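S.K.: As a plain string of letters, each chain reads:
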Amino acid sequence: MSPAGREVTITIDGREVAAIEGEMLHDAARKGDVEIPVFCYEPKLGDPVGACRMCLVEIEGIPKLQTSCSTPVREGMVVHTRTEQVKHAQNAVVEFLLVNHPLDCPVCDKGGECPLQDISYGWGPGKSRVIDEKRHFEKPIELSPLVAIDRERCILCYRCVRFSQEISEDSQLQLLDRGDRTYVGTFDDRPYVAPFHGNITDICPVGALTSYTYRFRARPWDIEHAGSVCTLCPSQCNVSFTVRDEKVKRVVTRDNAEVDDGWLCDRGRYGFEMFDAPERVRGPRLKGGTEVSWDDAIAKAADGLRAAADSSPTQVGPNSDTASRVAAIVGDASNEEGFLVQRIVREALDSPHIDSRPSRGPGADVLRRLAEPSISAKVRDIDEADAILVLGTDPLHSSPILDLRVRKAIRRNGAKLVVATERPTALDGGAQAVFRYAPHGATSFLMGLAGALRNGDTEVPESDVADVLRNAESVVVLWGERIGREDHATVKALLDVAATLGLADKDGGLLEIPDTANARGLREAGCLPDAGPGLSETTAGLSTEEIRSALISGELTGLILFGADPLRDFPDTPAWEEALTAADFVVSFSMHENATTAKADVVLPLETHAEKDGTVTHPDGRLQRVRPSAGRPGDIRPNVLVLSQLAENLGLVTGIDSQPTAFAALTQAVSFYNGIEDSDIGGRGIRWQDTPAADNVPGSGRPSVPGSPDTEPEAHPHISEAGDAPRRAASADPGTDGLHALTLGTYRDLWAGPITELNPPLKFLTPQQRVEISPADAERLGLKTGDRVRVSQDDSVVEAQVQIKERVPAGVVFMAEGLLDGNANALLNGGPVQVSIEKLSEVGA
Amino acid sequence: MAHQLEKRVLLEHAEDPALRTLDGYRRLAGGYATQERAYKEMEQDEVLKELEDSGLRGRGGAGFSMGKKASFLPRGDMAKYLCCNADESEPGAFKDRELMQRNPHQLIEGIAIAALAADAGHAFIFIRGEYAEQADILDRAVAEAYEAGYLGTDILGAHRDLELVVHRGAGAYICGEETALLDALEGKRGNPRLKPPFPAVQGLYGGPTLINNVETLSNVPHIVRHGAAWFRGFGTEQSPGTKVVSVSGGVRRPGNYEVELGLPTRELICDLAGGPEPGHEIKAFFPGGSSSPVLTAEEGLDLPYSFEAMAEAGSMLGSGSIIVADDRVSIPHLALRTARFYHHESCGKCAPCREGTNWTVKMLERMVRGEATPLDLDIVSSVQQNIIGHCLCVLGDSMAMPVGAMVRKFREEFEEAMEDPNLVLDPHAVVQAPPETLGAST
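So the protein lines, in turn, are chains A and B. Residue 328 in my numbering sits at position 328 of the first sequence, with consecutive numbering throughout. Residue 195 in my numbering sits at position 195 of the second sequence, with consecutive numbering throughout.
These are calculated hints, taken from the structure and not from any lab test.
Derived coverage of chain B by chain A (criterion: at least 3 residues anywhere in the stretch with Cβ under 8 Å from a Cβ of chain A; other residues may be distant): (1) 339-352; (2) 362-374; (3) 390-400.
Predicted, not measured: the structure shown is a model, and the values here were computed from it. For each residue, glycine too, the CB sits at the ideal point set by N, CA and C.
Excised from the complex, chain A in its bound form (with noise of 0.2 Å):
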């Protein structure tokens, strides 16, 4: 950001443009709609280059041409864009471009939607004088097992190096050799395999990147662009879906640097072929695969569901005490999916047990101190922060494009980053300082840290952290929701920090990174055991857990999973096989086919989010706007409308018969949304801390005072250790028999679960399961990386190979969630956990 901001007005070409001093006269000149040609400046990308030399500009008072994209803009700066003097370097430049481009448009994907081509006809001398021959490269050739380089067409813009070197600092894409023989290339040939690298492709300014996806798919008049939000991830980018015959071809970037800076993940990028995989849910059916009709399965689901719900002796009715049976849980919904699903249990089934969360979280109190706007962060506050806490996620691999923002922030910012979890992260190398705390350490940890806040003690080893932290005058917490799966004190605990920084009176605060995408959307959608529609007041029902407890026991016997797969989500995967095997009636909504679809009685199917019309709400607040962009295959139906009905069937009449209607009634029930209509939200979404409506928080406005009785979480034992070794780090003894005991922490890898599986392109990234093991763990039970054992906790086990990692703590092992084989959820059982592991093979063996 420049220091200055002040507002200049400048001359260009004849015409007076206002710009603010400091800004490169390329933006000024674009916000004053004056177009100057340029290939390698792009302002996401950071500091100008100025190697293509295309921008060059006639600046009064300076004798020769400046590059326009790294020209600051002064007061009565006075430039021409289009005398003879810069036309004559324009058609230099393209013909310099060109002399070893091969001109290939007529079979290069990029032709129609390219820079290079456009420049040419707009700024170029129209005719070639080269007849040499040109340079000749090996093309096309794999730079990835996604991306496609044709070298000969590269124009050596540096946009891809500079996007891996300085935005997702991966580093592995390098110019090599030098002069016209440069090319782009990573060391010693290997595929260029990381999260983010699909953005080159959106970046190049010619066809010398090309996904493997899209080649030869489509012509840009074959075309149709249509923009959406990404629900693959809380990220919640905005994405644009190329749509060719309904259906999507691809999925580029939709700037909008509230949200995600112009950047998308690969997971967003290539997990579009899901959309039509075989496994697709494609029309209703029940148990065993028998297709029904959409009249017949919602009759079914409702008599299903009523049978269970009326199997109570007790009274049933509106708003009375009611021993209903049936709940619901909500995975991968919209707002409005959400906010008809909880009519449907509270109002039509009259239970009140619906959960959003895939085992536990804060109660409905604490989520409403959360709500408080003057303590909530939003993604931009991330660039302006002087410090930054990650604590107890990665977001690399829980919210992938809040990695990239947050290094942004340390590079060209200065922010000084702290972070705080049990595994390693990949922001670790960029950190002042590192907390490494044992797996269900967190609270410990935060208390241990608001102390050091108070008392300003430099012995606890909570310091480090505190000290960075305690200066700053913006700080932003980005913090995991599975803290939450702790206990009931750890997000206290994180609010009792959040006071004694005084977030509240600061920039920056606490933005949440959840486990699901849409979570923030619909716990504000009133899925959740003890709020109903904008956190409100209602009788308090089960939480996911204690659904999974009440089927085993047989007090719930009827279940509605909306957009969830707790067979290979949830925690204690064995407790969810016992539950759904006890459930008398399951109904799954469900895009694709997987374990839990094969219990249910009833499957419904889902539409995937280019296909869905609704609404979901950011982490940070945004309500943004999913756009349907595709046909939906088979026989989907909208599923606001299928839920209609569905309340209809029970004898619920909603009223909602489309988006806009279904719409209408979400903001009215949620006092927050009151009043923000579809408009508000447009392309780009609005914060609904920042309309009238954000007063309507309930209990806004309470005053948060550190250490108050009302913030401090009940007293949490610890062991304290000194140094960074974990706080409760598992007793290293070792067992007989070969077997160990060593506390289990597990994680969501970025390529876990089904996408890998349901996207062909993306199966080469399928994580295996390994045992991520300290060396000196590893040293004592003779493991080497590579080695096959068994990880076991009492009856659940599951295979993994090791792997030594020096970043491990002693004591702890990792594991992996939400894998097709040897899920790590089988081992969990919501408390800490201790495994034993037993060597089955050697590796190489």
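Following the hints, put chain B in place on chain A, whose structure we already have.
M.R.: Relative to chain A, chain B alone:
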């Protein structure tokens, strides 16, 4: 023994091998006395003023006032750096090699005094990788200077520190460009940076950095010792001082000659360097290295050898390296050879240089093969015009200016070559290998 036309200041005692050692430098040249006086008795501003008043112009090519450049560095507590550019890679230039090889301590003392003027605590000598012998000599000299307390901490008890590192380049001409030098020194790919910011404001590791050529810095002890007025007693008003000139090509006594600036060029080439071999005539010469536009004998021989006279004639004094082409030299081949060098050394960062050098080479190759037409000659000229002023750094211009000048001034010879390649003169009769010893009377 120096020729009477020479004026040896930097090369005084140069024949004596003892000069390389610290003892010899002190004994023969009164070495390090100036640094001692400057460190103990002079303020930063006094040294700066002396350098500015002397009018010393950079000897690396651009000819910018050294004192003025040093005065651009901001004041303050931030780390500041001094870099000595010893990446002498321009074809025709071999004077820094001589200066480092024969009198390394003069350079070190110059760096120490310039570091005082720039308030720099760290200095680097970036020496081209091929100068292995000179780098060894410098390493030994730097070690001696540390040993004797002229470098290191609390130098000469004057409460000043200076660390000096000799860094060997990896063999890229572009690393002689000051910002590419900085990137290379930082361990990055040696590519030029955008300017501004200029290195004086934001240079090595983002700190203010003074970058000077070996010869420029070698002048510093003499200026501070004898004063600016003494220095201005040599040379011309706009080009004060002496200059070590490398003369090569079609002359009988190629070598380095230190002369007062403003000496008639004919005396430099014909008297000092011995002129063309008997029976031959000078056709043209590069007055300031291979990147300077060639001058024909008629244009250039009678000009005073000064920055201003060469600029006025449409060329430049550059690093002060004269390459003489006699009447046996084929200008088309000379142009091709020049273009090939810059094509090979272009870093590839900016389009006009990367593509322009490569295209020019291809066209010139066709010309000397007789596969071109006069229209191509116009294209070659136009391409040079398209390069000049449009590049990120001066490397592109360094090819375009001399090649453009050759086509302009010797068009007929190009046309003849295209007509019949067999008429082309011997492509190898151009440049002799740089001599190993001082020229003239040695």
